[in-house]
Amino acid sequence: MSDNMTEDLTADTATAPLLAIEDLEVHFPIRRGIAIERTVGHVRAVDGVSLSIGAGDTYGLVGESGCGKTTLGRAVLRIEEPTAGKIRLGDVEVTSLRSEPLRRFRSKMQMVFQDPLGSLNPRHNVEMLLAEPLKVHGVGSKTERNKLATETLDAVGLPSSVLDRYPHEFSGGQRQRLGIARALMLRPDLIVCDEPVSALDVSIQAQVMNLLDELQDEFGLTYLVIAHDLAVVRHLSDQVGVMYLGKLVEEADSEAIYEHPRHPYTKALLSAVPQPDPEIEANRERIILKGDLPSPANPPSGCRFRTRCPWAQDICAEEEPVWREAATGHKVACHFDL
Amino acid sequence: MALLEVEDLRIAFGSSTVVDGVSFHVDESQVVSLVGESGCGKSVTSLAIMGLLPKLRKSGRGGGAAVSGRAVFDGVDLFGLSADQMRRRRGADLAMVFQDPLSSLNPVVPIGRQITEVLERHRGLRGEAARKEAENLLDRVGIPDPRRRLGEYPHQLSGGMRQRVLIAIAVACAPRLLIADEPTTALDVTIQAQILELLKDLVDAEGTALLMITHDLGVVAGMCNVVNVLYSGRVVESSSASRLFAEPTHPYTVGLLGSIPRLDLPIHEPLKPIRGSIADVIRWGDGCAFAPRCDLVGAECVAGEPMLKGEAHAHRCVKAEEIA
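Note that the protein sequences, when read in sequence, are chains A and B.
For the first sequence, the working numbering begins at 1 and goes up steadily by one.
For the second sequence, the working numbering begins at 339 and goes up steadily by one.
To be clear, the hints were calculated from the coordinates, so they are not data collected in a lab.
Just so we're clear, the structure is a prediction, and the values are computed from it rather than from any experiment.
Among the hints, a few may not be true.
[Unchecked claim] Straight line, CA to CA, 25 Å or less: simulated SDA-like cross-link-like pairs of lysine to any residue: (1) B/Lys393 to B/Ala467; (2) B/Lys538 to A/Asp292; (3) A/Lys290 to B/Ile481; (4) A/Lys147 to A/Gly157; (5) A/Lys290 to B/Glu520; (6) B/Lys538 to A/Glu285; (7) A/Lys331 to B/Ile605; (8) A/Lys331 to A/Glu279; (9) A/Lys142 to A/Ser119; (10) B/Lys610 to A/Gly157; (11) B/Lys538 to A/Glu279; (12) A/Lys267 to A/Phe336; (13) A/Lys290 to B/Lys610; (14) A/Lys290 to A/Gly302; (15) B/Lys610 to A/Pro321; (16) B/Lys610 to A/Asp292; (17) A/Lys331 to B/Leu603; (18) B/Lys610 to A/Lys331; (19) A/Lys267 to B/Ser406; (20) B/Lys610 to A/Thr70; (21) B/Lys610 to A/Asn210; (22) A/Lys267 to B/Thr523; (23) B/Lys396 to B/Ser406; (24) A/Lys86 to A/Lys147; (25) A/Lys267 to A/Thr70; (26) A/Lys331 to B/Arg600; (27) B/Lys610 to A/Gly220; (28) A/Lys290 to B/Gln494; (29) A/Lys290 to B/Val527; (30) B/Lys610 to A/Glu25; (31) A/Lys290 to B/Asp542; (32) B/Lys393 to B/Ser420.
This is chain A alone, in the form it adopts within the complex:
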């Protein structure tokens, strides 16, 4: 196992996907009791998700708060322990790695967080922040690390003069560039971007999205982008998966999913996105969903979306819809062809 890990993972993955997730489940126990805690149920944050991402591609995972998208992203990096299922990165089975091999393997997969200020140590200057992942993985000498830091800063559009500055001295957009630079330091194969632009102002969002695009080409990165903003996901991704209450409800390449959404939830999501054009806004049919997300500890029977679905029928409460291919490369979990 440990021999595999040091190989270049992108070498012979022309056909096989870089990341393959199979029936992933992440359940969190709900504990009650004062002296003796008993498990009274489980929050099924991720409840059987399979997806794969080709090398150099971007997979956009979209859904509302509580749908499990962040937990899925964290489980891929083993920050969250999967309850069941398999995750394979290149030809390494990530789910079976333990302790030291897992720690070393982490250099292949990195994360960019939503809140750049919260994810950068306020007492570390940029040099320390960027050198830390290299030190942890024992890469290079001090001069080599510095050289790499300067190169990476250059790649994310920051001057090397910022090396001795601290996170609070930067604007939100610059901090996110730092967060991206740190994720790049080990030259990983996969970067999980969890809401990479949602904390930023509109004009800065666009800068960071363009940067992510450029870096992907430059470093041959594969992205798993997790976001709630459908327009952001559409812009960044080659393939899009829509999550609802711990499950994928639809998946297709991004052109197809936005042109021809097949799941009622995707349709409702798309119709709810406000467009910066008064004419489009005045003329469009909006599908307003009723109510809120049900509890993931006790999901509805049958189709999980049925309690909010405007088209729900009797069958939706009785049978869980199968995950089927409705058109080439376009998968959906719905009893009906909409």
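Following the hints, put chain B in place on chain A, whose structure we already have.
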């Protein structure tokens, strides 16, 4: 006559001026927006109108805000009112909905009580009558089973429900002007659609004027009649929504629109961001504050003060003719 006329509003905290001469007006039953990015002064403007900014102490210490200018509401300058007079208007004639409903609601008071409080103070309703009316209000903002919800605490409600409660409190006294400061920013997109629909219905049904503070041009396009774009404490462009989106004139507005990924444009088309950040600014007195980030910047942009020109479609750019 306009319902609310804000004239030459200036707000400074210590030596930093955050609002630098903002003027706009809101007519009866109109939906007007102040749009801009963080730090442009949009929220502070709304707080000043509501009289919610900390007052400047005589000693000049304590971080209060120095507010000057006028905010004439229904013929009365709100800035000239005493604290007590303002308290009587706030909640009754003008009301506000905030971005974060969890921190705007009292966590240790049942939501029913938080609604009846407003009804008691401004409408003199007591006991069962107030409770009945609170139930009606919750029903009107689309909260199912309102009677039971009255006894619940904010933490027992979802984000969307909390925002509905906040809206119920705001419309409890049928205000003539409702100020909504980023009312849907903290919400998911399907819940955002619900809340925007609710606000639209209330405004249409009651003829309430709405001042919408937002950074989201999509929300503006769907809701507002008139748009004021703010940059670094000044209005840089102001017009009807239809004209602003069809013919944006100020380079900042053009830049904002170019920065937004849109569902109706070809996929993967590169965005055209505005370079730099809001930290790159010069003082309005020395030229255009947006000049350091503007692609069209010329010598005339960093000399003298750009003025807001035009009536129906006003803009603050000396190069606007060139752009058009």
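* So which hints don't hold here, by number, going up? -> Hints 1, 8, 13, 15, 16, 18, 19, 20, 24 and 30 contradicted; others consistent.
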